[in-house]
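Make one complex out of these two single chains by using the hints.
Letter by letter, the chains look like this.
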Amino acid sequence: MATAAQVLANQANAQLSTGPKTDEGKARSSRNNLNHGLAAGVLILSPEEQARFCEFEANLRAECKPEGILECEAFQQFLDAAARIGKIRSIVAGMTEQCKDDPLVQPETETKYRQINRYRAAAEMAVYRAVKTLRELQTARLFRAFHVTPEEREVIPPLVNPGEKFWCGGEMRYGRNDRELFYRIYGAETLTSRFPPREPASGVHVF
Amino acid sequence: MPLLPPSRFAELHTDIGAATQPVTELERWFAGEIAYAAWELESVRVNRSASAAEPRLHDACTRAARNWNRARNELTRLQTARINHVVRLTPSRQRTAAVVPLADPARARAPKLAGPMYEHVCDLIKAGKFDDEIMKTIAEQEGR
Chain A
728 MATAAQVLAN QANAQLSTGP KTDEGKARSS RNNLNHGLAA GVLILSPEEQ
778 ARFCEFEANL RAECKPEGIL ECEAFQQFLD AAARIGKIRS IVAGMTEQCK
828 DDPLVQPETE TKYRQINRYR AAAEMAVYRA VKTLRELQTA RLFRAFHVTP
878 EEREVIPPLV NPGEKFWCGG EMRYGRNDRE LFYRIYGAET LTSRFPPREP
928 ASGVHVF
Chain B
134 MPLLPPSRFA ELHTDIGAAT QPVTELERWF AGEIAYAAWE LESVRVNRSA
184 SAAEPRLHDA CTRAARNWNR ARNELTRLQT ARINHVVRLT PSRQRTAAVV
234 PLADPARARA PKLAGPMYEH VCDLIKAGKF DDEIMKTIAE QEGR
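For the protein sequence lines, the chains are A and B, in the order given. FYI, the working numbering numbers position 92 of the first sequence as 819, with every residue one higher than the one before it. FYI, the working numbering numbers position 95 of the second sequence as 228, with every residue one higher than the one before it.
It is worth saying that the hints were derived from the structure and are not from the lab. Just so you know, even glycine gets a beta-carbon here, dropped at the ideal spot from N, CA and C. Among the clues, some could well be false.
[Claimed, not checked] Facing chain A, a subset of chain B residues (Cβ under 7 Å, in silico):
{"no.": "1", "residue": "T157"}
{"no.": "2", "residue": "S176"}
{"no.": "3", "residue": "N180"}
{"no.": "4", "residue": "A186"}
{"no.": "5", "residue": "A193"}
{"no.": "6", "residue": "R203"}
{"no.": "7", "residue": "T229"}
{"no.": "8", "residue": "V232"}
{"no.": "9", "residue": "V233"}
{"no.": "10", "residue": "D237"}
{"no.": "11", "residue": "R240"}
[Stated by the list, open to error] Okay, the calculated bits of chain A under chain B, using three or more residues with CB under 8 Å as the criterion:
{"no.": "12", "region": "790–803"}
{"no.": "13", "region": "829–835"}
{"no.": "14", "region": "844–853"}
{"no.": "15", "region": "869–875"}
[Unchecked claim] Examples of chain A residues toward chain B, derived with CB under 10 Å:
{"no.": "16", "residue": "A809"}
{"no.": "17", "residue": "I812"}
{"no.": "18", "residue": "R816"}
{"no.": "19", "residue": "A820"}
{"no.": "20", "residue": "Y840"}
{"no.": "21", "residue": "R841"}
{"no.": "22", "residue": "K859"}
{"no.": "23", "residue": "L861"}
{"no.": "24", "residue": "R862"}
If we strip away everything but chain B, and leave its shape as in the complex, we get (with noise of 0.2 Å):
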């Protein structure tokens, strides 16, 4: 059965890191997740004659995509939080952000009050009416 030559793994773990950017070393380990992954689809693709081998092909394939999708969507996460540093923050909270590097300042943004919930629950508490039989109402209404 052919063997992928070592030389192609290499291309690949160019290739990715090429399409990826990573920067940080653990991005760059993500990179190498995609890669490897990438490898394993090859290895599955030149493998498909082997009939005999057949179950454990539909495994590793589905596997290696598995790694694939799920190494992207990390280092996507992992790449965002980061130019989220940069571009949601100014630069004196840039400071305070760089002791968590993987927090997406996204995902920590102040909280907006909006929507027709809260002016409901605004016009309660001005009238004094907010209290737990209001929050049993508004489960009820919601079918909860």
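The shape of chain A in the complex, shown without the other chains (with noise of 0.2 Å):
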């Protein structure tokens, strides 16, 4: 049983240690139980791991030429999924080799697997989501600078594309919303102007 003394002595000693202060401290503290880091807010990667993925972002960067901070983010989404699937691909690598077998059947494996797969499916989803909204981006921005007009810039959402939201395979498209929102953009005195009519098809009539 401790003395009065020497508790009061321990709770003293205690406060010369209450953990880290600094950002730095905390930082480095955290990674103190740090398993497969998948979890961790922001991936962490051995040296080699790093540089190889430095070499994939340049290039990459280089080929996507996000612009803007809609497709900048996008990329980054894309970045950091491609990432976190790398290096769940290199836990899985260094299962198999501790295992000599396959970790897919091996029943010591199977909680970690399981864990593993979670993060790895959340990390796939998050890749081809942000490829296809960089490709969404990218075409709507092609398609401004094709077909919209300075004027029409001022009235026309950056997000929008009239090209496929109103048009499918050079067909209206008879979504309602759609229609009203191309009439609110493009106002009904701009649309003959705009779009001459042609000769109606005989003996069609839809209203």
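Shown next, in the form of structure tokens:
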């Protein structure tokens, strides 16, 4: 049984070490119980992985040419998810080396495998979503560069791609909201001046 | 339980690379995804006799097949967009489109008005009858 003096001394000593105080120290101690690192907000890569990833990022950035805050964010989301997928693969490869057997059917690896797969599913979903978003944004940008005049840019919101939104296979899509938006953008009067009417097809009446 | 040799992955990677011919970094990444999914599918097939791990094998098979298809679809879209930049655009437009390499020019076509809906709306505009009431009537007739 500790004496009162020992308890007091212990309490006083405990005040001398209350954990990390600086941001750097906190960041370091947050990695004390690092297992696979997939749950960390910032993915922790080994120096080799980091070098490979930097090269991949540089090549991809030069190739995809993301521009503007939205495209850059979608691009960054793709990169983050791709890095996670790469990390997961190296973890699975490590598991295979350790077991000298296929971790897919090893009972010892079941829990870890399942856990990793959850992260993997999320990362894969993020990859495809990000690429889709980036493509849509760039397609809208291309449409604006080709078909939207400077005056129309004043009224057409930047994310709208009228070429895709209102027209499908050369035929008008019968979507009420799309059509209403189209009229709001172009206006009923500009409709005829912009697109002169054609001879109506005989015998075709929908209304 | 059997474990696929690493050389098999390299083989799959080469075969899929030959079959898909990726050119850009992004295309190569998705080709790699297809190869990895194919490798997983093959792992599932060689381990099929492990009845104790059947639920895991089933999950792995479903996931790998889904990834294989998703990656193949994505690669198709990327390659289609890349080719459309060349075949659908004039040289001057190709230069404009070079800043948006992922955009598919086929999806950024000029709006073309066509079909009975357009004819009908034009008639209404000419007759000075196009207003909110007409929009409501159209919506009602379409059953919306």
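Each hint tested on the structure:
1. T157: Holds: closest Cβ of chain A sits about 5 Å from B:T157, inside 7 Å.
2. S176: Where the cut-off is 7 Å and the nearest Cβ of chain A is about 6 Å from B:S176, the hint holds.
3. N180: Where the cut-off is 7 Å and the nearest Cβ of chain A is about 5 Å from B:N180, the hint holds.
4. A186: Holds, about 4 Å.
5. A193: Holds: closest Cβ of chain A sits about 6 Å from B:A193, inside 7 Å.
6. R203: For B:R203, the interface hint holds, since the closest Cβ of chain A sits about 6 Å away, which is under 7 Å.
7. T229: For B:T229, the interface hint holds, since the closest Cβ of chain A sits about 5 Å away, which is under 7 Å.
8. V232: holds (6 Å)
9. V233: Cβ of B:V233 sits 4 Å from chain A, so the hint holds.
10. D237: holds (6 Å)
11. R240: Nearest chain A Cβ about 5 Å off; hint holds.
12. 790–803: holds (count 4)
13. 829–835: holds (count 5)
14. 844–853: holds (count 3)
15. 869–875: Since 5 is at least three, the answer is holds.
16. A809: holds (7 Å)
17. I812: Hint holds; A:I812 Cβ to chain B Cβ min 8 Å, cut 10 Å.
18. R816: holds (7 Å)
19. A820: holds (9 Å)
20. Y840: Holds, about 7 Å.
21. R841: holds (8 Å)
22. K859: holds (8 Å)
23. L861: holds (6 Å)
24. R862: Given a least distance of 5 Å, the restraint on A:R862 holds.
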